[in-house]
Amino acid sequence: MKFDIILAGVGGQGVLSLSAIIASSAMREGLAVKQSEVHGMSQRGGAVLAHLRLADGPIASDLIPRGSAAMILGMEPLESLRYLEYLDRAGAVVSATTPMANIADYPPLDQVLAAIRSLPRAYLVEAEALARQAGSARASNMVMVGAASPLLPVALSTLEHFVETAFAAKGAKVVETNLRALHAGRAAAAVIP
Amino acid sequence: MGERVLLGDEAVALAAVHAGLTAAYGYPGTPSTEILEYLIRHREQHGSPRAQWCANEKTAYEAALGVSFAGRRALVTMKHVGLNVAADPFMNSALVAITGGLVLAVADDPGMHSSQNEQDSRLFADFARVACFEPATHQEAYDMTLEAFDVSERFEIPVMVRLVTRLAHSRGIVRTGDGRGENPSDKRGQAASWILLPANARRRWRALIERQRDIREYTAGSRFNTVEGGPAKRFGVITTGLARNYLLENLADLPERPALLHVGAYPYPAEAIRAFVAPLARVLLLEEGYPYIERALRGIVPPAALEIQGRESGEVPPDGELNPDIVRAALGLPLRQGVTLEGLTLPNRPPQLCAGCPHGDSLHAITSALASIPGAVVTADIGCSTLGALPPYNAVETCVCMGASIGMAKGAADAGVRPVVAVIGDSTFLHSGITPLMDAVKDGTPMTLVILDNKTVAMTGGQPTILSSSELVTLVHGLGVPPGHLHVIEAHPRRASENTETLRRAVGHPGLSVVIAVRECVETVKRGKREKPSAAAGEVRP
Ligand code: SF4
Numbered sequence: 188m189k190f191d192i193i194l195a196g197v198g199g200q201g202v203l204s205l206s207a208i209i210a211s212s213a214m215r216e217g218l219a220v221k222q223s224e225v226h227g228m229s230q231r232g233g234a235v236l237a238h239l240r241l242a243d244g245p246i247a248s249d250l251i252p253r254g255s256a257a258m259i260l261g262m263e264p265l266e267s268l269r270y271l272e273y274l275d276r277a278g279a280v281v282s283a284t285t286p287m288a289n290i291a292d293y294p295p296l297d298q299v300l301a302a303i304r305s306l307p308r309a310y311l312v313e314a315e316a317l318a319r320q321a322g323s324a325r326a327s328n329m330v331m332v333g334a335a336s337p338l339l340p341v342a343l344s345t346l347e348h349f350v351e352t353a354f355a356a357k358g359a360k361v362v363e364t365n366l367r368a369l370h371a372g373r374a375a376a377a378v379i380p
Numbered sequence: 069m070g071e072r073v074l075l076g077d078e079a080v081a082l083a084a085v086h087a088g089l090t091a092a093y094g095y096p097g098t099p100s101t102e103i104l105e106y107l108i109r110h111r112e113q114h115g116s117p118r119a120q121w122c123a124n125e126k127t128a129y130e131a132a133l134g135v136s137f138a139g140r141r142a143l144v145t146m147k148h149v150g151l152n153v154a155a156d157p158f159m160n161s162a163l164v165a166i167t168g169g170l171v172l173a174v175a176d177d178p179g180m181h182s183s184q185n186e187q188d189s190r191l192f193a194d195f196a197r198v199a200c201f202e203p204a205t206h207q208e209a210y211d212m213t214l215e216a217f218d219v220s221e222r223f224e225i226p227v228m229v230r231l232v233t234r235l236a237h238s239r240g241i242v243r244t245g246d247g248r249g250e251n252p253s254d255k256r257g258q259a260a261s262w263i264l265l266p267a268n269a270r271r272r273w274r275a276l277i278e279r280q281r282d283i284r285e286y287t288a289g290s291r292f293n294t295v296e297g298g299p300a301k302r303f304g305v306i307t308t309g310l311a312r313n314y315l316l317e318n319l320a321d322l323p324e325r326p327a328l329l330h331v332g333a334y335p336y337p338a339e340a341i342r343a344f345v346a347p348l349a350r351v352l353l354l355e356e357g358y359p360y361i362e363r364a365l366r367g368i369v370p371p372a373a374l375e376i377q378g379r380e381s382g383e384v385p386p387d388g389e390l391n392p393d394i395v396r397a398a399l400g401l402p403l404r405q406g407v408t409l410e411g412l413t414l415p416n417r418p419p420q421l422c423a424g425c426p427h428g429d430s431l432h433a434i435t436s437a438l439a440s441i442p443g444a445v446v447t448a449d450i451g452c453s454t455l456g457a458l459p460p461y462n463a464v465e466t467c468v469c470m471g472a473s474i475g476m477a478k479g480a481a482d483a484g485v486r487p488v489v490a491v492i493g494d495s496t497f498l499h500s501g502i503t504p505l506m507d508a509v510k511d512g513t514p515m516t517l518v519i520l521d522n523k524t525v526a527m528t529g530g531q532p533t534i535l536s537s538s539e540l541v542t543l544v545h546g547l548g549v550p551p552g553h554l555h556v557i558e559a560h561p562r563r564a565s566e567n568t569e570t571l572r573r574a575v576g577h578p579g580l581s582v583v584i585a586v587r588e589c590v591e592t593v594k595r596g597k598r599e600k601p602s603a604a605a606g607e608v609r610p
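These protein sequence lines are chains A and B, in that order. If you use our numbering, the first sequence closes out at 380, no skipped numbers anywhere. If you use our numbering, the second sequence closes out at 610, no skipped numbers anywhere.
Please keep in mind that the hints were generated in silico from the structure rather than gathered at the bench. Cβ atoms here follow ideal geometry from the backbone N, Cα and C, with glycine treated the same way. The reader is advised that the hints may include incorrect statements.
Stated by the list, open to error - Cβ-Cβ distance ranges computed for the label pairs, FRET-style: (1) A:A288 - B:H577: 38 to 44 Å; (2) A:S204 - B:R72: 16 to 22 Å; (3) B:Q120 - A:A288: 40 to 46 Å; (4) B:P252 - A:L343: 39 to 45 Å; (5) B:A123 - A:R215: 26 to 32 Å; (6) B:R302 - A:E216: 51 to 57 Å; (7) A:K189 - B:R302: 48 to 54 Å.
Stated by the list, open to error - For the chain B half of the interface with chain A, some residues (derived, Cβ under 8 Å), not all of them: (8) R72; (9) V73; (10) P99; (11) N152; (12) Y314; (13) P392; (14) V407; (15) L409; (16) L412; (17) L414; (18) C422; (19) T435.
What the hints assert, rightly or not - Pulled a few chain B residues facing chain A out of the computed Cβ check, cut under 7 Å: (20) T98; (21) N160; (22) R404.
Okay, chain A solo, but in the shape it has when bound:
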């Protein structure tokens, strides 16, 4: 088994922590993991890309080859479209809908969302709204993990366990919020055609 994920977003959106949540959960299930990150210049509000590779055997390259990602997980709709060349034709795009329009020539949002919808397997998630309903807009990452979770080679209970331990120090309320966000994301992905 191998499962390659392209994580995309804009510098400052927490793409790396999104990647870390999935990576540590996969490792807990005994999978091999390689995670390639970006630091430095592009983190200043630029396009950010991380490669996350999960497998049940050794992983050679830190970078994902073109046409072989099982999933593009995007924190921002325009960025979810930027790396389609990496996506396996049977792969899925799971994208948040809220744009980060920090550039002058950002295309009309409906065109961006329509482009995502036109892909064979696309899941659009109102991550920010769902996170706010769960108790904190900052839990958008966790909504996206939840939305991706039915497709990931990682059990929901492992992700729940991660949330419980990773946020334990911040108190029961933060744990609850993030668990709610995780489940809201999962439920949202389930109802999208």
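Go by the hints and put chain B with the ligand onto chain A.
Using the frame of chain A, we list chain B with the ligand on its own:
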């Protein structure tokens, strides 16, 4: 003993601890920064070893060299272009009799993700005639760093560990050992081997040359240089560093497994390479960096019976980093097709200053002050302030290397350009800006220096600067900047018009003027990492 998930950078750091490190020094620079950050966190938790940011790579290297002189183990970290700054001590330290293991961890940035060039540090190791390790995996980053300390002490040379971005900033699993204790402090009293007066230096240089044979013998037998031959093979691939991973990624798709030679320890094993290519009709070189072994193999008189493929002949692009797809194409395999997007062109999203960044206010003041002056030139420097080169500011005309804004402004002024404004961040100024400012002060150069004091090394993630804001003012004053022409302003939107006015006055002055624009980086404010900015504003009248 145990297994951990670490960045490539962190694997180097942990290995240094396990190697009995006494002290580590460095200057932040992507992609090397996380080595020392790991060690600084380690020190906060465990009390040792010493781990410290320095003013620049040269001072860091020299501090590490002093630790080695005292018989103890030292690590010094930097990015590839940082080694240019530390080149003087690096080159000369190859001649002294290293006693405590001295390891230089340098992180190259092929593809220039966050750099001004993609120089390959393996050539620097060759230039200095020292050994170099090039890990391809996280485990090798750990194992090679451990071994580098031993090799340093065994051959009495500094040893380089060369990382590249994709390993430095990738996370993977590392099995670690137990580690050993520090060396005792032991200055061996062979001062002549450390005093590079010409007579000693000639003797030491000869000794280094004579040691080359032993070093080569060692790397020839290294477990990090591997061969998988087969007499019947006609096609072979030579990989270095990360290129091996990209080859392995594609190997199963080749109709026949080629002969394989991998180099991870330098000087490269010339004898083994000769033997490897002897039966081959064709060899492909995959190097993450310059065509270093490739050029040696091609030589001036290329071997007649061997077709050599690589960066110089076009099978591999002449520049940029490798990836699985580039290697796939070089192997002659068809690329896998991904999904294509129809009907929508995606705009680029280049990096930009954070919303509310103080540099934005300073750049705004500079461009407003210069708006009505045709021919004005603004030179810039390395760091977040470089982003002033991009829209919406388009405010600067040069960005070359650390500190160059000031020296280049002086030269441009000497060449007759008026007015000239140099823009540099506080940390970059402390790194390499003090000496060129001294030149300009001495000469009374008609130019304006704007130091953007955001109280941190921002681009690399907010490391502390060497001097505080008030110490910076004292320093600039102490360099002899004329009284009345040193202005300290607060880089804040509410001061926009008075800042523009101050800039206009400074630029109008026919001699040297300095403006220090102070406000903390909004990123570090957010993280609450530093004390609140002082309300220091107004003209300093010493
Ligand atoms: S990190 Fe700090 S200095 Fe750099 S752009 Fe952002 S606010 Fe400005």
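Cross-check of the supplied hints:
1. A:A288 - B:H577: 38 to 44 Å: Between A:A288 and B:H577, where Cβ atoms are some 42 Å apart, the hint holds.
2. A:S204 - B:R72: 16 to 22 Å: 19 Å, holds
3. B:Q120 - A:A288: 40 to 46 Å: 42 Å, holds
4. B:P252 - A:L343: 39 to 45 Å: Hint violated: Cβ distance 55 Å, outside 39 to 45 Å.
5. B:A123 - A:R215: 26 to 32 Å: 43 Å, violated
6. B:R302 - A:E216: 51 to 57 Å: At 44 Å between Cβs, range violated.
7. A:K189 - B:R302: 48 to 54 Å: Given a distance of about 31 Å, which is not inside 48 to 54 Å, the answer is violated.
8. R72: Check failed: Cβ of B:R72 comes no nearer than 11 Å to chain A, outside 8 Å.
9. V73: This interface hint holds because 7 Å falls under the 8 Å limit.
10. P99: Hint on B:P99: holds, closest Cβ of chain A at ~6 Å, below 8 Å.
11. N152: 18 Å, violated
12. Y314: 5 Å, holds
13. P392: Holds. Min distance 4 Å.
14. V407: For B:V407, the interface hint holds, since the closest Cβ of chain A sits about 4 Å away, which is under 8 Å.
15. L409: 5 Å, holds
16. L412: With a closest approach of 5 Å, the B:L412 hint holds.
17. L414: Holds, about 6 Å.
18. C422: 6 Å, holds
19. T435: 18 Å, violated
20. T98: For B:T98, the interface hint holds, since the closest Cβ of chain A sits about 3 Å away, which is under 7 Å.
21. N160: 30 Å, violated
22. R404: 3 Å, holds
Comparing the model with each earlier hint shows violations of hints 4, 5, 6, 7, 8, 11, 19 and 21; every other hint is respected.
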